[in-house]
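Asks: Now for the letters of each chain:
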Amino acid sequence: MMIEGFTALYIFMLSAFTGYEVISRVPVILHTPMMSGSNFIHGIVLVGATVVMGHAETTLEQVIGFFAVALAAGNAVGGYVATVRMLEMFKPTDKKGAA
Amino acid sequence: MDTFIQVVYFVVAVLFILGLKKMSSPVTARGGIVWAGIGMVAASIVAFFEPGVFDHGTNVFLIILAIAVGSAIAYITAKRVQMTDMPQMIAIYNGMGGGAAAAIAGVELVRMAGGHAIGGTAQVLAVLGALIGAVSFSGSAIAFAKLQGLMNKTFRLPMHMIINLGLFVLTLIAGAIIAFGDDVSIQLVLVFFVMALVFGVLFTTPIGGADMPVVISLFNAFTGLAVAFEGFVLGNAAMIIAGTVVGSAGTLLTQLMAKAMNRPISNILFASFGADAGAGADEEIEGSMKEIQGTDAAIMMAYAEKVIIIPGYGMAVAQAQHKVAELTKLLESRGVTVKFAIHPVAGRMPGHMNVLLAEAGIEYDKIMDLEEINPEFPTADVALVIGANDVVNPVARTNPDSPIYGMPILDADMAKNCIVIKRGRGAGFSGIENHLFYADNTRMLYGDGQKAVGELVSGIKQLQ
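Chains as they are written, first to last, in our numbering: chain Z, 87 to 185; chain G, 10 to 473.
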């Protein structure tokens with residue numbers, strides 16, 4: 087799908103406001119998990135890496151593409167696990183208090 | 010099929026935004042990351058069905074292999090890492106994302122050098138994404154090395170700023186030639202990437218470890234932006250939306266963090282703190298530091314009605330959070346109200362201290378922000394400061410000449426008594442003397458955080 091110039095500009099603009107709004111209401115207590123969570127979200131780069139690698143024609147493109155996919159997968163998986171581990175700690179307290 | 014793929018990407022974008030939204034409240038946060046995770050899995054599966062991807066069997070095999078390798082390494086490291094080391098892991102995973110975006114741009118640019126110019130806006134954004142992604146990649150690696158203790162000193166070349174600026178301009182020129190040219194040599198693309206990576210390194214090395222969280226947050230925003238730009242190049246709306254949302258959220262978070270430290274972002278990125286901290290350090294201080302023994306401090310706390318604990322970076326370093334949790338339980342069993350006061354920049358990242366305390370089993374409703382807790386200090390019998398320094402320095406309120414004047418601080422000096430656990434007599438990372446330590450109602454308990462809190466715990470136990 088081709089995205090026309092101005093359509094892309096509108097997407098940029100609206101997404102930027104969305105990101106700003108979403109994080110502006112985050113309590114300080116969640117800043118680090120939030121940072122980790124947003125770090126996970128840009129792991130979507132994996133999709134781009136997959137597409138680019140899929141179209142690789144030369145060995146050089148394959149090598150770079152391989153790195154792109156591996157790094158992107160690392161971003162996504164690492165970001166997810168790190169975020170979940172941090173948020174695990176905000177489990178309802180009654181369980182933890184008993185331990 | 011194409012419509013189906015687009016529908017999935019649309020749903021994924023919605024899941025990401027809702028997931029982030031849910032992550033903004035402690036109650037729904039865990040659901041939020043799961044929603045985002047489902048979106049990620051859906052997007053990465055659908056990516057295989059993009060036109061052309063399944064045409065080359067070898068490529069598909071290599072993609073699956075790369076995903077397996079990257080995921081396995083990240084999964085194992087993320088599972089094993091200590092909670093106190095989380096900030097640098099965020100840095101490294103973020104760097105990987107930046108590297109991936111730069112590598113995507115790399116493939117596009119190599120293709121261009123082979124005679125397939127993309128042209129127009131896409132070509133410019135491919136180059137910009139490559140630059141930002143590469144800087145984020147190498148810069149995050151340095152941030153990781155610093156926080157991991159692999160690289161302790163700040164590193165400066167002679168005329169560091171000028172060299173760095175020169176390098177940046179050269180990188181931009183090379184980028185512009187690639188972005189606007191029809192015929193690009195592969196050598197130039199290579200030189201461009203090397204320069205961008207070196208710039209990322211030189212950009213990060215002079216910044217001190219204490220400022221790294223701000224830098225990591227900035228690189229997080231960078232990676233988001235790079236991903237959004239490459240999303241435009243590939244015509245992928247999910248990448249544009251997710252990348253831009255992270256780009257703006259990361260920028261705001263960076264601002265919030267810098268603001269809490271009362272320093273403009275430019276000051277953190279382009280100047281060392283030591284340079285302007287000297288002025289306020291020499292002034293005369295009235296009074297002297299008064300030492301207290303662990304057992305005496307324990308008695309003071311055991312018979313208090315309300316204790317406010319102020320944990321700082323020193324607590325994280327000493328890994329004292331579990332001892333602190335034990336102390337809290339013990340005090341509460343004696344009917345003492347215990348609350349935690351968290352400065353916005355306590356620890357290595359905003360919220361880092363909360364994560365550490367939560368890990369140790371302290372309920373998050375006891376953990377208060379600066380605005381919530383400051384009015385409570387005058388009613389507190391004891392304020393216990395563990396490994397925090399500049400964030401409780403009253404000169405930020407009282408002395409307009411001090412470099413930290415105006416920084417929001419926790420009013421520990423307003424409590425009836427203040428006990429400060431501290432390793433040595435030195436000043437904080439800003440190099441400023443702390444007037445709190447000299448106040449009449451302040452007692453110093455010297456020692457390693459874990460050991461000192463241990464003394465308090467055993468001191469209180471003896472009373473029972």
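These are calculated hints, taken from the structure and not from any lab test.
Using N, Cα and C, we set each Cβ at its ideal position, and we do this for glycine too.
Fair warning: there could be bad hints in the mix.
[Stated by the list, open to error] To spell it out: a stretch of chain Z is covered by chain G in this simulated footprint if at least three of its residues, at any positions, have a beta carbon under 8 Å from a beta carbon of chain G; those stretches are:
id, segment
1, 89–95
2, 103–112
3, 129–136
[Claimed, not checked] Straight line, CA to CA, 20 Å or less: simulated DMTMM-like cross-link-like pairs of lysine to aspartate or glutamate:
id, chain 1, residue 1, chain 2, residue 2
4, G, 348, G, 374
5, G, 30, Z, 90
6, G, 88, Z, 174
7, G, 425, G, 449
8, G, 31, Z, 107
9, G, 375, Z, 107
10, G, 299, G, 385
11, G, 30, Z, 107
12, G, 268, Z, 107
13, G, 31, Z, 143
14, G, 315, G, 410
Asks: Which of the listed hints are not met by the structure?
Replies: 5, 9, 10, 13 and 14
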